[in-house]
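Novice: Listed below are the residues making up each chain.
There are 4 protein chains.
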Amino acid sequence: MATSQQHSGDYVFRVNPNLKGFTDLVFTNDAPEEVASKVDILFMAVPHGSSVEHVPKIAEMGVKIIDMSADFRLKNPADYPTWYGWQHPAPDLLSKFVYGMPELHREELKSTHFVSVPGCIASSSIYSLAPLAKAGLINGVAIVDAKIGSSGSGNKPSISTHFSERYNSVRIYSPSGHRHIGEIEQELSIVSGIKTTATMSAHSINMVRGILTTSSVFVDHDVGMAELWKVYRSMYGKEPFVRFMMDPSGLYKYPDPKLVMGSNFVDLGFAIDQHVKRVVAIGSIDNLIKGAAGNAIQSMNIMEGFEEREGLMMSPMRLV
Amino acid sequence: MATSQQHSGDYVFRVNPNLKGFTDLVFTNDAPEEVASKVDILFMAVPHGSSVEHVPKIAEMGVKIIDMSADFRLKNPADYPTWYGWQHPAPDLLSKFVYGMPELHREELKSTHFVSVPGCIASSSIYSLAPLAKAGLINGVAIVDAKIGSSGSGNKPSISTHFSERYNSVRIYSPSGHRHIGEIEQELSIVSGIKTTATMSAHSINMVRGILTTSSVFVDHDVGMAELWKVYRSMYGKEPFVRFMMDPSGLYKYPDPKLVMGSNFVDLGFAIDQHVKRVVAIGSIDNLIKGAAGNAIQSMNIMEGFEEREGLMMSPMRLV
Amino acid sequence: MATSQQHSGDYVFRVNPNLKGFTDLVFTNDAPEEVASKVDILFMAVPHGSSVEHVPKIAEMGVKIIDMSADFRLKNPADYPTWYGWQHPAPDLLSKFVYGMPELHREELKSTHFVSVPGCIASSSIYSLAPLAKAGLINGVAIVDAKIGSSGSGNKPSISTHFSERYNSVRIYSPSGHRHIGEIEQELSIVSGIKTTATMSAHSINMVRGILTTSSVFVDHDVGMAELWKVYRSMYGKEPFVRFMMDPSGLYKYPDPKLVMGSNFVDLGFAIDQHVKRVVAIGSIDNLIKGAAGNAIQSMNIMEGFEEREGLMMSPMRLV
Amino acid sequence: MATSQQHSGDYVFRVNPNLKGFTDLVFTNDAPEEVASKVDILFMAVPHGSSVEHVPKIAEMGVKIIDMSADFRLKNPADYPTWYGWQHPAPDLLSKFVYGMPELHREELKSTHFVSVPGCIASSSIYSLAPLAKAGLINGVAIVDAKIGSSGSGNKPSISTHFSERYNSVRIYSPSGHRHIGEIEQELSIVSGIKTTATMSAHSINMVRGILTTSSVFVDHDVGMAELWKVYRSMYGKEPFVRFMMDPSGLYKYPDPKLVMGSNFVDLGFAIDQHVKRVVAIGSIDNLIKGAAGNAIQSMNIMEGFEEREGLMMSPMRLV
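Protein chains in written order, with the working numbering: chain A, 1 to 320; chain B, 1 to 320; chain C, 1 to 320; chain D, 1 to 320.
One chain only, chain A, in its complex shape (with noise of 0.2 Å):
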């Protein structure tokens, strides 16, 4: 079942046309509440601050719970105030959410009943970045630039979401003090075991899908690509939905969200300044999937016991 305050009682193809011909769901307007005594999974795509007014009770009633808000990616209380300017009512249930990011978390999805689906900006960045953390290479502050499209800022119409006015634009919407910095910091602290800082300056960009950051860090060794190659795969190997995305001699040198466009893969590169001693990480996804819904899937996945692809096989479009 689905359910939408403002749609309540229309087909779900009237709201998404995209979709007709493939379900005939109606939107319902059952509260969180209802909802969670009628599924086993409930899937929560409210605003950030509203999530966490019904998580407390539906936790009691044994429904598992994946939430898309950001009411509970930080496990330290005290960093609420810090990033999203508000106190946590509940935090002793920060504990027991478990960040939906397969790739770092699994061993504690397959035992959880609540994940916090990261954020897409954050995903991007953290993807590109903890084999970097992981291998001690971030010791100063890890700087992210972001470039993002419309569809991360929702589709509730304004002057500012105009196609007038935002097509053919670029916004740094963001110079700083972006709320995803605190999932960042917290995701490379935990890969790397010990603090580490970051910073973020978020652009919107011509297009509607997609994301690609690129990451900055300075290291205090002469690093080469044999050594960076060895520490991404080591950490991304196995992994079915990070790709390398490097090809010198070839039409896509590295990652772009054209690649990925409609699918669950986030695509990773890197490169060597040796001019003053910086490593660039590059991370591209489609926010929509991997940055969004696609984690979502793949955590209930892992959580469920599911073969972890299942549902999320969707090839790139090729040219978008």
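In short, the hints are calculated from the structure, not lab data.
Positions of the beta carbon are idealized from the N, C-alpha and C atoms, including for glycine.
Certain hints may be false.
[Unchecked claim] Covered stretches of chain A (chain D as the covering partner; in silico rule of three or more C-beta atoms under 8 Å from a C-beta of chain D): (1) 43–53; (2) 143–149; (3) 153–164; (4) 171–182; (5) 205–216; (6) 244–256; (7) 266–278.
[Said to hold, decoys possible] Calculated cross-link-like contacts (lysine-lysine; reagent style PhoX-like; alpha-carbon spacing at most 25 Å): (8) B:Lys277 <-> C:Lys277; (9) A:Lys277 <-> D:Lys277; (10) B:Lys96 <-> B:Lys75; (11) A:Lys57 <-> A:Lys110.
Given the coordinates of chain A, assemble chains B, C and D onto it according to the supplied hints.
Specialist: Using the frame of chain A, we list chains B, C and D on its own:
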């Protein structure tokens, strides 16, 4: 197996990096005749005029052929000089090929070994106009206005397809004389039972995938929407890949390529222009799927007795 | 002075940040009547139906009026119920307004105080079809297919103009009954001297600025290119803002909005469809300039006896 | 006069159809030396490495030279092997050329005969970072992340610039080692008085015109917005083509290429990242104007004693 003169020896995923992780297939350089000796079904995707050089010989080898070129689409040899400017060298073969539009030729497809896949603009035009033709509503010229993305013209770089020149452009690349008119007239004549005339102006617009055709037919009597619904439903009501996209109070009121991207659907709509007794027939497809490879696969499924939807139930992407 | 209810008190450059550095003008909230008492010429850019509430009174105040709305475009009061759905409250004023298309009404503009600026799609259609009408070549219905950027529908946000929904879309927002048909028929009838009928299907496409209209006219005899060149040249040969964009061996073979962006030019082209005795007339404008403000300024220049090109000789941008 | 090897004999407006109606100039095939003997000022727009083959001889002919290539941008001959991979053949000439950035070198431009026009990405980077350098705020590496439209890479067709491949892509085409870093370091070092280091990752994004650079500088103390405003205003407060685009409650909160399209403006903004003591410097230009031809014209105006804004006061397009 997959062949390519240009990319022989390369992994398919190097030329199509989106497919990385899906296949380790390598392009070979086998000539069509060599391939024909090894496979059950040969899909030929070579330039117009090139296919006909190979098919006569291959056809005798017992292999089934699904040809993507225009070389076997027209039944009347005299149409080749008219629309393609050359004399057909193997006119006897024309009657052996079935025009690969399952909705119009399903029975013939079941028993053929040779399929000629329709052209992309022709497909959208024929799908939207065929019900009118069948109902005897096309008495004058059917006037098609086509809008098509860049992928319709292949992947050969030139100054006119250079991004800086092609972006934000709206080009009428064929105000008249488009070669697909031949197919359109042929199919509308078959379905209506009388000789039917068509014309077209074709435009390339600012996107990669997708076709929208808007066709005008002048009618003699005051046709009503109920009559048109009956006309269209009686022809396509049970088709798995034809959808009626008409929702006057919805977000998308008529077919739009955005709603079929990545899928094998053809979306249809229609409207009445009381002012001049005109019926407007609207069709939309993803030119690379329902306008090419999708109909090839669907035709194969029918020819081979497979479930017709096999390999084709990709959901269109919602936002792309 | 510039007025705005919504932005009263704001700098013009805050609403149009591109103009920063050009003007320190501030929007006032003066009613049209107040403005009329202070200025020589009043440009009215208010919604259709709103202009006619103010004009009757203002017209008596001695101020010259250039009205951008549709309220005074049609000469025959009976056309308002047909195309706009309301009875015109001031039918006597209709004959006092000159249709602000300098190429067709230059002499009248010289002696009027009241100008009604043509609609954007109507402009492109009329410019391209008028020579055919004048030459007596339009005997049946003139069929217009229009493609227009998002700026043609204003700047009011909605879900249908939300970037994620509007990007990559091709929408037939008006298959029939478009209100500009009234203007088109009026002007073609005037220039031809006989009642002329037109119809249109209008599409919004994936860009912000620009219109391309492709119009079809069926002719009785075998018209040739030399004849058409003569027809078009005799009407527009000396016009400063009309260009013939026809270069069969060039990069741009026909008019393309990309070539008029930011300018007051209308680019015209034509082709012959021998197959069905059809003439194709192609027009392209920047809808915000030649389709609106540009013709307003050009009309003012004529009305005031200024050099007609004053303020209008912006070069179209080459690559945008 | 205008020369072109490829288009010699063609009207300029055939190659640039937007200019039809503006000029009847015809491209000639004169060698630079021939042109130099006929003109007062020679604008050279030839590939990097080609300019230096002609300039030594031409410079002795008394003609003034404004060179668009990189061949005379760097003052230190040793920088050419580092950033361009070749030994400079005329090192003595380097000191005679003035770096054509009027805001930084106005006095030198007044008395020179030789101007070297800055690179496009370098321009946006230097404009946004120079005030910080001058104020002594750049102690570590200045890290530039650049986003640029397709026109930045010229008009030579290739598969990677083919519309179908280039549309909707975000490519990191230079993660490190971009040649403009040499200019950036040179100019920041001059303005700061100390050797300054920079690095850059450059991306091509889904548009034709425009550059946005987002640069990070880590500072030692808690810098405030008032201090930054003073730093930027003291450097650019009276510049005719520098604008501060910072409107926290406005529609465009920071510089955006959409706001400078078609103009000679550089828009600047800045922000403070308290979390890691980072200053974010943002710059935006139309790469084809302020990033190339515009600075060439502005430099010429200064060199010749013309009004500096002559020929450059085009308003940016509002919606494009």
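Novice: Per the coverage rule (Cβ-Cβ under 8 Å, at least three residues), is the region 43–53 of chain A covered by chain D?
Specialist: violated (count 0)
Novice: Test coverage of the region 266–278 of chain A by chain D using CB-CB distances below 8 Å; three residues minimum.
Specialist: holds (count 8)
Novice: Three residues or more, CB to CB closer than 8 Å: is that satisfied between the region 153–164 of chain A and chain D?
Specialist: holds (count 3)
Novice: Starting from Lys96 (chain B), check that the Cα of Lys75 (chain B) is at most 25 Å away, please.
Specialist: OK: Lys96 (chain B) and Lys75 (chain B) at ~9 Å, within 25 Å.
Novice: For the region 244–256 of chain A, does the count of residues with a C-beta closer than 8 Å to a C-beta of chain D reach 3?
Specialist: holds (count 6)
Novice: Are 3 or more residues of the region 143–149 of chain A near chain D, judged by a Cβ distance of less than 8 Å?
Specialist: It holds: at least three residues are needed, and the region 143–149 of chain A offers 3 whose Cβ sits within less than 8 Å of chain D.
Novice: Between Lys277 (chain A) and Lys277 (chain D), does the CA-CA distance stay at or below 25 Å?
Specialist: holds, 21 Å
Novice: Quick check: do three or more residues in the region 171–182 of chain A have a beta carbon closer than 8 Å to a beta carbon of chain D?
Specialist: holds (count 7)
Novice: Within the region 205–216 of chain A, is the number of residues with a Cβ closer than 8 Å to a Cβ of chain D three or more?
Specialist: holds (count 7)
Novice: Are the Cα positions of Lys277 (chain B) and Lys277 (chain C) separated by 25 Å at most?
Specialist: holds, 21 Å
Novice: Given the proposed pairing of Lys57 (chain A) with Lys110 (chain A), does the C-alpha separation stay at or below 25 Å?
Specialist: holds, 23 Å
Figure legend: structure checked against the earlier numbered hints; the only hint not met is number 1.
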